[in-house]
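S.K.: Here is how the chains run, residue by residue.
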Amino acid sequence: MQQSLATQLFWWCFLGYSAASLLYVGYLVTEKKKLALSATAFMGIAFVIQTAALTVRGIALNRLPLTNMFEYVSLFAWFGAVFYFIFLKIYRQQIIGAFVSPVIFMLIVSASLLPQHASDQLVPALQSYWLQIHVSLAALSEAAFLVAFAANIMYFLKYRLSEKSKFAARLPELKKLDFISYKAITFGYPLFTIGALFAGAIWAERAWGSFWSWDPKEVGSLIVWFVYSAYLHARYVKNWSGLRAAVLSAIGFILTLLTFFGNLVLGGLHAYG
Amino acid sequence: MLNQSILAKVEGMGGCRACRRWIAGFRELESERDSGVRVSIVSNFEQKLNLKWLPFSLRGKRSHATWLLKGCMLMKRVIDFFGSIRLAIFLLITLTFVSVFGVIIPQDLAASQYIQAWGVIAGKLILFTGINHLFSTIWFHLLLIILSINIFVCSYLRIFKKLKTIHSPHFLKTHADIEHIPNARTFLVNVQAEIAEKTILKVLAGKLFKCAVEQRDGLIQIYAGKGGLKIIGSLAFHLSLIMLLIGGLIGRMAGFSYNENIPQGAAVPVRDQDFMVRCDWFKLEKNPRGEIKAFVSKLTILDNDSTELLTKEIRVNHPLSFRNINFYQSSYGIDGNGAEQVQLMVTGPGILVGFEIAVQLGETIEIPGTGISLNAETFLSDFVMDMNTRQPYSRSTEPNNPAVKVSLSKDGNLVYSHWIFLKHQDYHASDGEFRASLKDFTPSYFTGLKIRKDPGSPLIWIGIILMSLGLYAMFFLSRKNIWIALSPGSESGLQVTIGSSGGHGSDNENELLIGKIKSKLEKT
Numbered sequence: 001m002q003q004s005l006a007t008q009l010f011w012w013c014f015l016g017y018s019a020a021s022l023l024y025v026g027y028l029v030t031e032k033k034k035l036a037l038s039a040t041a042f043m044g045i046a047f048v049i050q051t052a053a054l055t056v057r058g059i060a061l062n063r064l065p066l067t068n069m070f071e072y073v074s075l076f077a078w079f080g081a082v083f084y085f086i087f088l089k090i091y092r093q094q095i096i097g098a099f100v101s102p103v104i105f106m107l108i109v110s111a112s113l114l115p116q117h118a119s120d121q122l123v124p125a126l127q128s129y130w131l132q133i134h135v136s137l138a139a140l141s142e143a144a145f146l147v148a149f150a151a152n153i154m155y156f157l158k159y160r161l162s163e164k165s166k167f168a169a170r171l172p173e174l175k176k177l178d179f180i181s182y183k184a185i186t187f188g189y190p191l192f193t194i195g196a197l198f199a200g201a202i203w204a205e206r207a208w209g210s211f212w213s214w215d216p217k218e219v220g221s222l223i224v225w226f227v228y229s230a231y232l233h234a235r236y237v238k239n240w241s242g243l244r245a246a247v248l249s250a251i252g253f254i255l256t257l258l259t260f261f262g263n264l265v266l267g268g269l270h271a272y273g
Numbered sequence: 274m275l276n277q278s279i280l281a282k283v284e285g286m287g288g289c290r291a292c293r294r295w296i297a298g299f300r301e302l303e304s305e306r307d308s309g310v311r312v313s314i315v316s317n318f319e320q321k322l323n324l325k326w327l328p329f330s331l332r333g334k335r336s337h338a339t340w341l342l343k344g345c346m347l348m349k350r351v352i353d354f355f356g357s358i359r360l361a362i363f364l365l366i367t368l369t370f371v372s373v374f375g376v377i378i379p380q381d382l383a384a385s386q387y388i389q390a391w392g393v394i395a396g397k398l399i400l401f402t403g404i405n406h407l408f409s410t411i412w413f414h415l416l417l418i419i420l421s422i423n424i425f426v427c428s429y430l431r432i433f434k435k436l437k438t439i440h441s442p443h444f445l446k447t448h449a450d451i452e453h454i455p456n457a458r459t460f461l462v463n464v465q466a467e468i469a470e471k472t473i474l475k476v477l478a479g480k481l482f483k484c485a486v487e488q489r490d491g492l493i494q495i496y497a498g499k500g501g502l503k504i505i506g507s508l509a510f511h512l513s514l515i516m517l518l519i520g521g522l523i524g525r526m527a528g529f530s531y532n533e534n535i536p537q538g539a540a541v542p543v544r545d546q547d548f549m550v551r552c553d554w555f556k557l558e559k560n561p562r563g564e565i566k567a568f569v570s571k572l573t574i575l576d577n578d579s580t581e582l583l584t585k586e587i588r589v590n591h592p593l594s595f596r597n598i599n600f601y602q603s604s605y606g607i608d609g610n611g612a613e614q615v616q617l618m619v620t621g622p623g624i625l626v627g628f629e630i631a632v633q634l635g636e637t638i639e640i641p642g643t644g645i646s647l648n649a650e651t652f653l654s655d656f657v658m659d660m661n662t663r664q665p666y667s668r669s670t671e672p673n674n675p676a677v678k679v680s681l682s683k684d685g686n687l688v689y690s691h692w693i694f695l696k697h698q699d700y701h702a703s704d705g706e707f708r709a710s711l712k713d714f715t716p717s718y719f720t721g722l723k724i725r726k727d728p729g730s731p732l733i734w735i736g737i738i739l740m741s742l743g744l745y746a747m748f749f750l751s752r753k754n755i756w757i758a759l760s761p762g763s764e765s766g767l768q769v770t771i772g773s774s775g776g777h778g779s780d781n782e783n784e785l786l787i788g789k790i791k792s793k794l795e796k797t
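Note that the protein sequences, when read in sequence, are chains A and B.
For the first sequence, position 8 (counting from the first letter as 1) is numbered 8 according to our numbering, and the numbering increases by one without interruption.
Every position in the second sequence, counted from 1, becomes a number in our numbering once 273 is added.
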């Protein structure tokens, strides 16, 4: 019963995020500040509704909502929204939101395509406190990578568009975008290492008797980790910055997206619906 | 003489300490000889540098020194190669690329499946290169080994050497130098120099800075640095990465892992150990909706004299550990008996309508007050009859066609003995007055354990903890240097200049620090 309430709330928040994205697109095209402000308002409403949806779902299922693909992608989008608000507060530039918000919206669309129904009975392998730790840290760190990705997209646009373009003038400076991307990754990387890799390995050892099984999702996460490690080394040791760094960071995020959608296709230990 | 070009090359490369001493020794002897002193380069050289530890004598063999120098140069080149960031980036990219193959091409399938899916040429290529079991091939392990060496040498050359800089203060020359630091601030306060110094040191200590003070020419300079932990953290991180790789390798080479199905009540020996494991019981717990909640086994470890050493209930996520062998609840299945108990409905004269009774498999039970006894002999989960031998057997352990052979006796006389079927209630239903039908059964399970020995496990645990601490130090601590100059003796008071350097985005922190120092000084 309550699950269907959660589902209804989810669809309302879906509408909220789509309205926000549309308004942001309008803002990008027309430069009308009002559109940006309404977009923020809709993001706020959608965020509140999504929080309610997650809470109701959690209560109905008697656990945190992070056990199947639908729940994971929703949680990921929710963390993305949290970062959206944080970055809005720090940088006070709507245009950053204009890039973060569509990515969040794409995640919500993906979530909407996944089966929502879940039982409150977890299979025995998932009955462990490691579930909360591993999944929430993974979602949080990947949301940080999402913010870096949004900054990278803006970087590419600003870089390619001519200086005379009015649109390019509205984007923040290249240096700032580079800095946002860097900061986001330095936040996400340790959480990803500890949450996605270590917590996952420890849990795998308790449940399946092996720290690391070269399962497709594990290898995918390792590849993502390699790419972001290369990014950090390139920045610290080789003093990379700017375009090269942005490209590497964007590759990392695309691979991140592939790791969870790849699981639907390839199966493996992580195929929990 | 010695090959001058090699000398020059080694000098150019820097060489290791031994080589530099030799070259210095040679140069000295050369200049002595040039200034007319009679020297025998070779024997004097040996004497001069106390080279008794050389594996062979230089006497008369000047070329040996050349070989040694050449060898040293080679060593340096090898070390530089293994300690290069370029190698690290190459390895990371290669590992990434190779791992992608491991994801896209399904692993550990039968050889024929690869040929079927990718054709003969590609399929055979996959099998030949080992891509079908990528992560256990020698060349993949080799990549990881080279990566470990790379990390180790890099850690020494780049990180370990930086450790020395943590505690060495780096004072600037004059007041003006400090003013030239970007973001330096100068202000005046009406405080005595010594008191100001004490106040500032207190503030800095509160912010976890390590300070050093220098007084020169009437100028008091304070140098504060923090974040030495960051370098230590980086070292810990990289070394623990090697620990993880070594731990994994040890586990793979010196450990084992296998599955064991144990019927309830049975005991099996554990590989290479002098004890056995017995499954006392297995329970499948379901919730009211019929979904599986948990599966639990009670295990007892027995030594070879059947003395019980340890007993524990295990379930998924909660394994049993005994003498470095771990027993994980991995799976379960229906065993050869098929069922522990069957639920039969019996009809006939003297029996209540709809009467049901539970019968343990292999036992005879009497219906009280009737003289009727029932025996459930054998149970099959998936009954089929072999047409040639007319023998029934179970096609699988899935309950596709549950059946039980039942004998019914009245007053000691066998009335009938039949196979009866859960899914075919009317088949063989009755033979005379009495009728028994199979209504339900309780499956008889065996427990599926995974038994594992992992000698690399402690190293992996240490690696994980150390790496987490290293990550924390590297990413959540900041590295900063602060220079403060106090020039007393001016009419209007003490001139304080503060300059700082820091990583990205430390401007805010610096502002706050300068503000705090200023306000503290103004209060005294």
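Worth flagging that the hints you see were computed from the coordinates, not collected in a lab.
In this text, all values refer to a predicted model and were calculated from it rather than measured experimentally.
In this text, a Cβ means the ideal position worked out from N, Cα and C, and glycines have one as well.
Accuracy of the hints is not assured; some may be wrong.
Said to hold, decoys possible - With a straight-line Cα cutoff of 20 Å, these simulated SDA-like cross-link-like pairs (lysine to any residue) come out:
{"#": "1", "chain 1": "A", "residue 1": "33", "chain 2": "A", "residue 2": "240"}
{"#": "2", "chain 1": "B", "residue 1": "723", "chain 2": "A", "residue 2": "175"}
{"#": "3", "chain 1": "B", "residue 1": "566", "chain 2": "A", "residue 2": "126"}
{"#": "4", "chain 1": "A", "residue 1": "238", "chain 2": "B", "residue 2": "432"}
{"#": "5", "chain 1": "A", "residue 1": "217", "chain 2": "B", "residue 2": "454"}
{"#": "6", "chain 1": "A", "residue 1": "238", "chain 2": "B", "residue 2": "360"}
{"#": "7", "chain 1": "B", "residue 1": "566", "chain 2": "A", "residue 2": "118"}
{"#": "8", "chain 1": "A", "residue 1": "183", "chain 2": "B", "residue 2": "750"}
{"#": "9", "chain 1": "B", "residue 1": "556", "chain 2": "B", "residue 2": "485"}
{"#": "10", "chain 1": "A", "residue 1": "175", "chain 2": "B", "residue 2": "456"}
{"#": "11", "chain 1": "B", "residue 1": "437", "chain 2": "A", "residue 2": "237"}
{"#": "12", "chain 1": "B", "residue 1": "789", "chain 2": "B", "residue 2": "770"}
{"#": "13", "chain 1": "A", "residue 1": "217", "chain 2": "A", "residue 2": "87"}
{"#": "14", "chain 1": "B", "residue 1": "499", "chain 2": "B", "residue 2": "454"}
{"#": "15", "chain 1": "B", "residue 1": "483", "chain 2": "B", "residue 2": "783"}
Claimed, not checked - Partner residues are not named here, just some residues of chain B that face chain A (Cβ under 7 Å, in silico):
{"#": "16", "residue": "357"}
{"#": "17", "residue": "374"}
{"#": "18", "residue": "376"}
{"#": "19", "residue": "378"}
{"#": "20", "residue": "564"}
{"#": "21", "residue": "723"}
{"#": "22", "residue": "741"}
Unchecked claim - Quick look at which bits of chain A chain B covers, simulated, 3 or more residues with Cβ under 8 Å:
{"#": "23", "segment": "166-176"}
{"#": "24", "segment": "218-225"}
S.K.: Compare the structure with the hints numbered earlier in the document and write down the numbers of the violated ones, lowest to highest.
M.R.: 1, 2, 5, 9, 13, 16, 17, 19 and 23
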